[in-house]
Amino acid sequence: MTTPNTNKPDQPAPPNPDTHTAQFKPLAGLCACILPGLGHIILGQKKRGFLIMAAVLSLFTLGILVGGIGVVEHDTTPGPNGKYNWKANLWFYGQAFNGPITFVVDNVRSNLEGQYDPSIGRANEIGTLYCAMAGLLNLLVIINALCVTPYPQPDKPNQRGRVLTQEDNP
Amino acid sequence: MTLFTLALKPFLQPLPIDEVWMLFIIPIAAAIALVYKSLKHPHENTIIPQAIRLTVVIVVAIALASVGLHVGLNLLLG
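Here the protein sequences come in this chain order: A and B. Residue numbers for the first sequence follow the numbering used here, so the first one is 3 and each next one is one higher. Residue numbers for the second sequence follow the numbering used here, so the first one is 131 and each next one is one higher.
Just so you know, these hints were derived from the structure itself, not from any lab. Among the clues, some could well be false.
As the list claims (entries may be wrong) - Derived list of chain A stretches under chain B, where covered just means 3 residues or more per stretch with a C-beta under 8 angstroms from a C-beta of chain B:
1) 45-56
2) 59-71
3) 109-119
4) 122-129
5) 136-150
Claimed, not checked - DSS-like mimics (lysine-lysine), calculated; alpha carbons at most 30 angstroms apart, straight line:
6) A/49 to A/27
7) A/48 to B/170
8) B/170 to A/27
9) A/27 to A/48
10) B/170 to A/49
Just so you know, even glycine gets a beta-carbon here, dropped at the ideal spot from N, CA and C.
Required output: the full structure, derived from the provided sequences and hints.
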């Protein structure tokens, strides 16, 4: 025996109070690709944007300082089979998410070939990791700027009907 | 300060970090915490204190994990 369906088919479903609608902002995403944090700045979240910019660019700069300019290297020499060796550039792909600054640094490095000391050991590892981590953090920032979800306003009931306070920690 | 440090060309030569490389966990933890809190924390004014707190948590957790692994390995291997 089945239960009769009491829902009226012509009545719209009530909105889900827990749903945060993400807005697609292609311009903000593009700006975040060009310079870390710029996407949030043009969205009006200036403090957030400048903090992101400071964090990502500081990490990238510190990586180059520790390991030397040689840690950002796009290796275009062909591999053993004569084709493009993508396995040699995995770290560069992560670093490339920092935006055009990575390609500028790589260009400067290739122009200074023979004038800088390539790093080895810990310095190379930490420098490479810092630059790649800065790029991957900027990838998160790009996605966040591209599909921005409005933050709940402080001291106003949020979508769950609870007032947010300064102590709230997401 | 050694002569090598005085003659260092920043960005063209790697830094001599072989004795202090473990300290470089702090900047990367701080950057990760700052970006994470910048993206997730709803209040712009409290991002920095929250990021500092998260940095301390990350560094302490990694330090405890390393001590635990060191002790565990020493017990296992004798």
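Hint by hint, which ones does the structure fall short of?
none
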